[in-house]
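Protein chains in written order, with the working numbering: chain R, 5 to 383; chain U, 2 to 255.
These aren't lab readings, by the way, just hints derived from the structure by calculation.
Among the clues, some could well be false.
In silico lysine-lysine, DSS-like type, Cα no more than 30 angstroms apart, as pairs [to be verified]:
#1 U:88 x U:56
#2 U:140 x U:47
#3 R:281 x R:264
#4 R:60 x U:88
#5 R:60 x U:56
#6 U:227 x U:58
#7 U:74 x U:56
#8 R:60 x U:74
#9 R:232 x R:211
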Amino acid sequence: MNGRSLLRIAFLCVGLAACASAPVVEIDSRADLNSLNESQSRLWYAADNLDQSIDKRHLVYDDAELTVYVQSILDQLYPELVGTLHVELFNSPHLNAICLPNGHIYINIGLLARLDNEAQLATILSHEAVHFIRQHSAQQRNSADSVLLAGTSVEILTGIPFSGTLLAGSVMSSYSQAHENEADTDGFARLVEAGYDPREAPKTFQKLLQEVEVLDIDQPFMFASHPKLEHRIASFDSLVAGVSNPGGRVNADGFLQRTKDLREVTLVRYLDMNNHKVLLLILENPVLRQRYSAHPDFYLGEAYRLRNGEGDDTLATWAFEQSINTDPSYAPAYRALGLLMMKRGHKQEAIENLSTYLSLSPDASDREYVETYLRQLES
Amino acid sequence: MAHRGFRLSVVLGVLLALTACQTLPTHRLHHRVLDAPQEYKEPHVKLLALPLSIKVKEMSAGGIREEVGTWTKTAEGHIVSAMRSGKPFAGKFDLIPLGALLEDERPVVDEHVALFSVVAGSAMGHTMINPVETAWLPKAKHFDYTLGPGLAFLRETTGADYALVLFGEDVISSEGRKVAFFAAALFGVGIPLGHSFMLAGIVELQTGDIIWLNYAFSPGSGTFRKRADVDSMLSELFADYPGLEAYKKALEKR
Chain R
5 MNGRSLLRIA
15 FLCVGLAACA
25 SAPVVEIDSR
35 ADLNSLNESQ
45 SRLWYAADNL
55 DQSIDKRHLV
65 YDDAELTVYV
75 QSILDQLYPE
85 LVGTLHVELF
95 NSPHLNAICL
105 PNGHIYINIG
115 LLARLDNEAQ
125 LATILSHEAV
135 HFIRQHSAQQ
145 RNSADSVLLA
155 GTSVEILTGI
165 PFSGTLLAGS
175 VMSSYSQAHE
185 NEADTDGFAR
195 LVEAGYDPRE
205 APKTFQKLLQ
215 EVEVLDIDQP
225 FMFASHPKLE
235 HRIASFDSLV
245 AGVSNPGGRV
255 NADGFLQRTK
265 DLREVTLVRY
275 LDMNNHKVLL
285 LILENPVLRQ
295 RYSAHPDFYL
305 GEAYRLRNGE
315 GDDTLATWAF
325 EQSINTDPSY
335 APAYRALGLL
345 MMKRGHKQEA
355 IENLSTYLSL
365 SPDASDREYV
375 ETYLRQLES
Chain U
2 MAHRGFRLSV
12 VLGVLLALTA
22 CQTLPTHRLH
32 HRVLDAPQEY
42 KEPHVKLLAL
52 PLSIKVKEMS
62 AGGIREEVGT
72 WTKTAEGHIV
82 SAMRSGKPFA
92 GKFDLIPLGA
102 LLEDERPVVD
112 EHVALFSVVA
122 GSAMGHTMIN
132 PVETAWLPKA
142 KHFDYTLGPG
152 LAFLRETTGA
162 DYALVLFGED
172 VISSEGRKVA
182 FFAAALFGVG
192 IPLGHSFMLA
202 GIVELQTGDI
212 IWLNYAFSPG
222 SGTFRKRADV
232 DSMLSELFAD
242 YPGLEAYKKA
252 LEKR
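Could you put together the complete structure from these sequences and hints?
Below is the structure:
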């Protein structure tokens with residue numbers, strides 16, 4: 005080994021030693037908060053700033069009663085961390101939940117709306133709480149530092165540009181997946197301990213897999229850095245198989261009742277996003293459609309209208325008419341049908357429906373627009 | 002936020018490498034000031050001081066930058082104190098403190114301070130750094146960046162026509178980073194170290210136009226954690242203020 009190689013190896017050793025960090029303190033109780041190392045304290049500070057930023061931008065879904073309910077589930081799962089773990093509803097229809105290093109869990113309303121029962125909600129919450137308890141973000145931060153420096157060393161040693169970057173990316177990805185597996189396993193144990201039916205855990209992820217397939221995306225947001233959903237479902241299935249006499253609380257009725265309004269809100273969000281694929285996924289399912297809205301045919305019609313494929317105008321017309329037949333006092337269906345008739349050149353039907361819309365909804369915010377359309381149609 | 006940080010990092014990286022190539026003065030003046038200087042002869046005698054946007058970070062051995070809350074607070078204290086003393090801009094303008102705001106006004110001000118860092122960062126990237134500056138020379142000559150009129154209400158409530166916005170980032174190399182730097186240097190490989198950077202703009206409240214913009218950059222020799230370094234950087238920032246003649250002359254040569 006020549007002198008230059010020795011120097012290179014010396015650099016690697018010096019560099020790795022230079023970034024050696026204090027061990028990460030796991031948070032099993034509130035008392036552990038007093039022992040956080042410097043790196044953890046900085047992450048906590050950054051998380052507090054992110055909380056403020058989220059709050060300032062009004063990104064939290066404001067439903068105090070529902071938030072208290074979700075928080076109560078989290079508190080039941082982790083009674084030793086009551087007052088440390090906090091949950092907020094994040095105003096996004098995407099299927100996602102995150103846990104910040106300061107113990108603040110954000111669960112998207114889209115994910116909450118998609119769940120069937122309290123046991124599935126507990127599956128998500130217990131998983132996210134493990135990320136906090138094990139301080140995965142602090143562990144990943146420390147690993148990232150070592151890996152980045154090792155990457156630089158590899159580039160120096162090999163002389164191959166980007167070889168270190170590629171290595172770093174690969175190492176961090178596997179590290180992240182190990183944390184996800186740990187969160188699944190530990191969270192599952194807590195789910196069982198709290199008396200929830202463990203058989204609901206894999207169903208939570210099957211639901212997500214269904215959406216991934218419908219939307220034709222590689223991985224949903226929640227699992228951008230997570231193990232493949234299929235592997236994850238298999239892993240949960242094996243965890244369930246290890247539980248003798250699986251059973252326990254599910255609490256579907258209470259959960260569905262408390263999240264009833266939320267589901268219609270998410271439909272509106274999907275509509276605003278022109279996301280007809282998810283709307284159709286939900287509204288073409290006979291069980292889900294009733295759960296999401298008292299007026300599922302209206303949203304179904306809007307989904308067909310947005311898809312705008314061959315025959316979709318006819319399907320949308322049928323859906324809007326169904327909505328009106330079911331509830332003749334529901335104004336939005338008349339508006340939607342009126343606009344569709346206008347598009348299809350059926351002036352008289354358009355005038356009748358838009359006029360009915362205005363009579364049922366005299367204070368409509370779009371009244372002036374609709375009156376303009378009516379004048380155009382009548383002329 | 003991450004996007005803004007990334008863009009500023011790129012700008013700062015280019016700055017570090019190319020500061021020596023500077024041909025125009027570092028500051029920029031809105032084209033309206035150049036077109037009708039009589040209207041702006043003393044436009045900023047009294048400037049409203051908007052909230053500071055300052056962060057002090059530590060760069061780890063691997064290059065991760067993390068804000069350190071206590072350091073940021075120290076830096077804010079030094080900068081506020083230096084600005085209150087008026088020394089960095091003595092004889093050039095006076096600062097009016099921003100008084101209490103109504104509950105719905107504060108987020109608007111905060112949003113515009115954040116917007117400033119994005120818009121001014123773009124302005125810097127496009128018009129202040131060679132060789133990009135050369136490609137964007139028409140934009141530098143016709144400097145017209147704006148935040149929009151969202152802060153016009155402050156004109157009514159404070160009586161000021163202009164406001165000063167100050168954005169700053171101080172990145173301090175950890176001991177591990179310094180060791181890594183020297184070890185890498187043995188092999189002829191350079192890895193970035195910390196730096197200090199300030200960006201100041203004067204904004205016309207009525208229109209939101211950035212009337213004057215300048216930056217100061219120190220590649221690792223100073224830190225916001227020391228009052229003397231803060232004084233030095235602020236003095237550099239406002240040394241040639243407003244610099245109308247120098248700017249016009251330099252532009253004529255291009």
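> Quick one, are residue 88 (chain U) and residue 56 (chain U) close enough, alpha carbons at most 30 angstroms?
Replying inline: Holds: residue 88 (chain U) and residue 56 (chain U) sit about 23 angstroms apart, inside 30 angstroms.
> Hey, residue 281 (chain R) versus residue 264 (chain R), does the alpha-carbon distance stay inside 30 angstroms?
Replying inline: holds, 21 angstroms
> Within a Cα-Cα threshold of 30 angstroms, do residue 140 (chain U) and residue 47 (chain U) meet the stated pairing?
Replying inline: holds, 28 angstroms
> Between residue 227 (chain U) and residue 58 (chain U), is the straight-line Cα distance small enough, at 30 angstroms or below?
Replying inline: Roughly 14 angstroms between the alpha carbons, so the hint for residue 227 (chain U) and residue 58 (chain U) holds.
>> Does residue 88 (chain U) sit within 30 angstroms of residue 60 (chain R), going by the straight-line distance between their CA atoms?
In response: Violated. Residue 60 (chain R) to residue 88 (chain U) sits at ~35 angstroms, over the 30 angstroms cutoff.
> Taking 30 angstroms as the top limit, are the C-alpha atoms of residue 60 (chain R) and residue 74 (chain U) close enough?
Replying inline: holds, 21 angstroms
>> Tell me if the straight-line CA distance from residue 60 (chain R) to residue 56 (chain U) falls inside 30 angstroms.
In response: Holds, at about 19 angstroms.
>> Check the hint pairing residue 232 (chain R) with residue 211 (chain R) against an upper bound of 30 angstroms on the C-alpha distance.
In response: Holds. Residue 232 (chain R) to residue 211 (chain R) sits at ~14 angstroms (cutoff 30 angstroms).
>> What's the verdict on residue 74 (chain U) and residue 56 (chain U), does the C-alpha distance respect the 30 angstroms limit or exceed it?
In response: holds, 9 angstroms
Checked against the numbered hints above, the structure violates only hint 4.
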